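A.B. asks: Okay, here's what each chain looks like letter by letter:
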Amino acid sequence: MSVIEINPITRLEGHGNIKIFKGDDGNVEAAYLQIPELRGFEKFCQGRQSELMPQLTSRICGVCPIPHHLASVKTLDEVFDAPPTSRAVAMRKLMHYGYFIEDHLLHFYFLGGPDLLMGPDCEPGKRNIIGIIEKYGKEVALEIMKHRKYGQNIIKMLGGKPIHPAFGIAGGVSKSVNEGQVDEIIEMARSCVDFSKFTLSLYKEKILEEDFHANAIGSEEYSLKCFNMGLVNESNEPDFYDGDIRITDSEGVEIVKFDPADYLDHIGEAVEKFSYMKFPFYKEKGWKGLVESRENGVYRVGPLGRYNASTGYSTPLAQKEGEKLEKMFGRPCNMTLAYHWTRLIEVLNVSELLLELSLDRGLLLNGDLRTPVGKIKGKGVGCIEAARGTLIHDYEVDKNGLMTDVNLIVPTTHNAAAISLSIAKAAQMEIENGVKDTDKMNRVELALRAYDPCFGCATH
Amino acid sequence: MILVSKGKIAFYWAGSCGGCEVAIVDLDEMLFDVLENFDIVFWPCAMDAKYSDVEAMDNSEIDVCFFNGCIRNDENKEIAEMLRAKSKIMIAFGSCSHLGGIPGLGNLSTKDETLDYVYKRSKSVVNDEGTIPQNSTDEHGNFIGIPELREYVKALDDVVEVDYYIPGCPPPVDVIKTALLALISGEVPPRKEVLAPDRTVCHECKKEKRDMAVKSIKRIYQLDDLDPKRCLLEQGILCMGPATREGCGAACLTANMPCTGCMGPPSMSELSENCEQGARMVSAITSMTDVADEKNSKEEEIKTALDEIRDPVGVMYMYSMPKSILRRRRKDVSDRD
Chain A
900 MSVIEINPIT RLEGHGNIKI FKGDDGNVEA AYLQIPELRG FEKFCQGRQS ELMPQLTSRI
960 CGVCPIPHHL ASVKTLDEVF DAPPTSRAVA MRKLMHYGYF IEDHLLHFYF LGGPDLLMGP
1020 DCEPGKRNII GIIEKYGKEV ALEIMKHRKY GQNIIKMLGG KPIHPAFGIA GGVSKSVNEG
1080 QVDEIIEMAR SCVDFSKFTL SLYKEKILEE DFHANAIGSE EYSLKCFNMG LVNESNEPDF
1140 YDGDIRITDS EGVEIVKFDP ADYLDHIGEA VEKFSYMKFP FYKEKGWKGL VESRENGVYR
1200 VGPLGRYNAS TGYSTPLAQK EGEKLEKMFG RPCNMTLAYH WTRLIEVLNV SELLLELSLD
1260 RGLLLNGDLR TPVGKIKGKG VGCIEAARGT LIHDYEVDKN GLMTDVNLIV PTTHNAAAIS
1320 LSIAKAAQME IENGVKDTDK MNRVELALRA YDPCFGCATH
Chain B
-2 MILVSKGKIA FYWAGSCGGC EVAIVDLDEM LFDVLENFDI VFWPCAMDAK YSDVEAMDNS
58 EIDVCFFNGC IRNDENKEIA EMLRAKSKIM IAFGSCSHLG GIPGLGNLST KDETLDYVYK
118 RSKSVVNDEG TIPQNSTDEH GNFIGIPELR EYVKALDDVV EVDYYIPGCP PPVDVIKTAL
178 LALISGEVPP RKEVLAPDRT VCHECKKEKR DMAVKSIKRI YQLDDLDPKR CLLEQGILCM
238 GPATREGCGA ACLTANMPCT GCMGPPSMSE LSENCEQGAR MVSAITSMTD VADEKNSKEE
298 EIKTALDEIR DPVGVMYMYS MPKSILRRRR KDVSDRD
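Chains A and B, in that order, are what the protein sequence lines are.
To convert, count from 1 in the first sequence and add 899; that's our numbering.
No gaps in the numbering here: position 181 of the second sequence is 178 in our numbering, and each next residue is one more.
These are computed hints drawn from the structure, not numbers from a lab.
In this text, all values refer to a predicted model and were calculated from it rather than measured experimentally.
By construction, the Cβ of each residue, glycine as well, lies at the ideal position given by its N, Cα and C atoms.
Just to be clear, a hint being listed does not mean it is correct.
[As the list claims (entries may be wrong)] Some chain B residues judged to face chain A by a derived CB distance under 10 Å, without partners named:
id	residue
1	K108
2	E126
3	T128
4	I143
5	P169
6	K204
7	Q219
8	I299
9	L303
10	R307
[What the hints assert, rightly or not] Here are a few chain A residues that sit away from chain B, every Cβ distance over 12 Å (derived from the structure):
id	residue
11	R910
12	E912
13	Q954
14	L1005
15	E1083
16	I1085
17	L1099
18	F1157
19	R1260
[Stated by the list, open to error] List time: in silico DSBU-like cross-link candidates among lysine-lysine, alpha-carbon distance up to 35 Å:
id	chain 1	residue 1	chain 2	residue 2
20	A	K921	A	K1172
21	A	K992	B	K215
22	A	K1074	B	K215
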């Protein structure tokens, strides 16, 4: 028996390694994804002053600090019995949509996307943003940077800085945009709608038809049948800020829809010895380990999970794109590589939502930014969709406003089992009869990068 | 260091969140300058080089290594040592590698308390067997292990020699740009310097100060009538500005929120040998506290005024616990070197 090790896995957030065990015949017997890090936020946030939680928990992830900041302040709204004003919610959504654009573009052009934009077997030194600049030209590179920056700029307008902003207070926010900034956001949103269309056409032109991708996307080895989960609005469309959690099965049938406050009735987390990442599962089915089965509680979240757990997109252009995807690959779509397409549809969806919101001057420029806090209720659950999936914060706070209990289930954690299974399946396909082709090892990583994993975040 | 030919640069993260990496991406157009002057030889967040590629490099082959993240586990320490050996200049980049950062608050518990809570007692865990991730594991006959958490969090210079520090959570883009330009031109300051301006955040804060005394400190959610144009500390909000190095443009203050101290203390503090941001803050508050009432002693007045700071350690050492005089919860449990 021999072991192939990929260490560290690259072009993603956080640490991890893959160990592939081969039997005497050279074929894969088992493959493990191991996350070697833990910082312990659930423990060290206890005893802290609760108003600092949006800033403390944003440090769980520097790639997705905004959803942590906002999930945290939504939890504090509950804890302090202070429903946020409609203007405050609008400010939070501006920031959230700006974040989504920035984060999804980061994945497509810097992290996971280069696998597809450069081709999976391109030499390692070019399989990155630098390769993309060379291949697609500086002009395209500047457009990528410009639109990522638009997202960052909106975050900075409200929170002072693009990474780890300061902004949320129980019942509202600390700052609003002014009239000039609304004009700027309208222009940026229009440009983002156009750039989303450009990115989608690039995807279809350069990726969808490309040989490896065309063969791999529909293959059994790059597919996974499991449950799907995401926040939805009343029409069962993905809602990025609020809503109910909807779980569907691998045939697309709704299994359960619940208020996020009841998450403990439906979601549990298993612990395995070989990784610091916990393994969440749908409680009704239970945790059967790393096996693909209708009777196992494994589920997926994130752009593909949201697509599968919903019935359509909330804006016209995104809906049209969703229909194209549905026509080609169906709904539900269990093809792991379709994460990329759904991610790009979401950039369009969110750009449209940003434009729609930025045109509502009445809402953005009038009204209170905060609801005064009420009596400390002491408990709260806050849930939001991050770029990578559903994010749950659950706090208990004492009468002095100090944290006494913290539970966090983070998007990539929800995906822990699904990612591990996808890696094992891809490894089995790519390593046959003992052939270890170094270039092909990237195809194993390609399966996990489709999820846009965030492992520092996932172990927290 | 004057670069005659193209230099080699590496970016690495240890116990971190990835925000320092995104701060590099946020250099945007300046990334082109970096690429003109350096080959990026290792950057796990964005490029595909592996640990084995670094191992294969000669000692001092890398010109500059930007190292972010704290030292939380054995792997963090091992990679720090490897990159130190391979690099001419080692830069502690960001609050975690500079001072321990927010993960440094982990030093308020022991390693076992953390593992016990996260894997056995947190609300959603279903773990009847009481499993805790193990350093060495036999999974169906396959031996796989994960790095062990160290007893306490350390900053980078607690485990290897550091040449420069770039502070912030994450470092502000302008601070990074200035440092990079200095590296490219070869005009670097003496070693051991913090590469950022050396006054307090108050110097770059635009909020109006009236030199008013503070009656008492309140929590931000308790005050509904904050004046966004005025100094937050004077309005009774604990703002770490007086104890924190400038360079961020008072970013959080521009969002009407108090400074939480991510840039660490400025070096002009006579207490800075221990990076005593907390001590410096306490002295700033006491000097501002209203003690006009003669009936009570000054000590009593200050105690009452500060009563709402319920977690002084967490607030004043939010980013610098491992470098403070407090350091960690139990001094009798020593960490391995």
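A.B. asks: Please go over all the hints and tell whether each is borne out by the structure.
C.D. replies: Now the hints, each set against the structure:
1. K108: 9 Å, holds
2. E126: OK, holds: E126(B) within 10 Å of chain A, min 8 Å.
3. T128: Holds - the Cβ of T128(B) comes within 10 Å of chain A, reaching about 4 Å at its closest.
4. I143: 5 Å, holds
5. P169: Since chain A brings a Cβ to about 7 Å from P169(B), closer than 10 Å, the hint holds.
6. K204: Since the shortest Cβ distance to chain A is 13 Å, the answer is violated.
7. Q219: OK, holds: Q219(B) within 10 Å of chain A, min 7 Å.
8. I299: 19 Å, violated
9. L303: Given a least distance of 13 Å, the restraint on L303(B) is violated.
10. R307: With a closest approach of 5 Å, the R307(B) hint holds.
11. R910: 6 Å, violated
12. E912: 4 Å, violated
13. Q954: Nearest chain B Cβ is 6 Å from Q954(A), so the label is violated.
14. L1005: 7 Å, violated
15. E1083: Fine: 16 Å to the nearest Cβ keeps E1083(A) off the interface.
16. I1085: 21 Å, holds
17. L1099: Fine: 22 Å to the nearest Cβ keeps L1099(A) off the interface.
18. F1157: The claim stands: F1157(A) keeps its Cβ more than 12 Å from every Cβ of chain B (closest is about 14 Å).
19. R1260: Since the minimum Cβ distance to chain B is about 21 Å, R1260(A) lies beyond 12 Å and the statement holds.
20. K921(A) <-> K1172(A): Holds: K921(A) and K1172(A) sit about 21 Å apart, inside 35 Å.
21. K992(A) <-> K215(B): Holds: K992(A) and K215(B) sit about 28 Å apart, inside 35 Å.
22. K1074(A) <-> K215(B): 19 Å, holds
Consistency with the previously given hints fails for numbers 6, 8, 9, 11, 12, 13, 14, ordered from lowest to highest.
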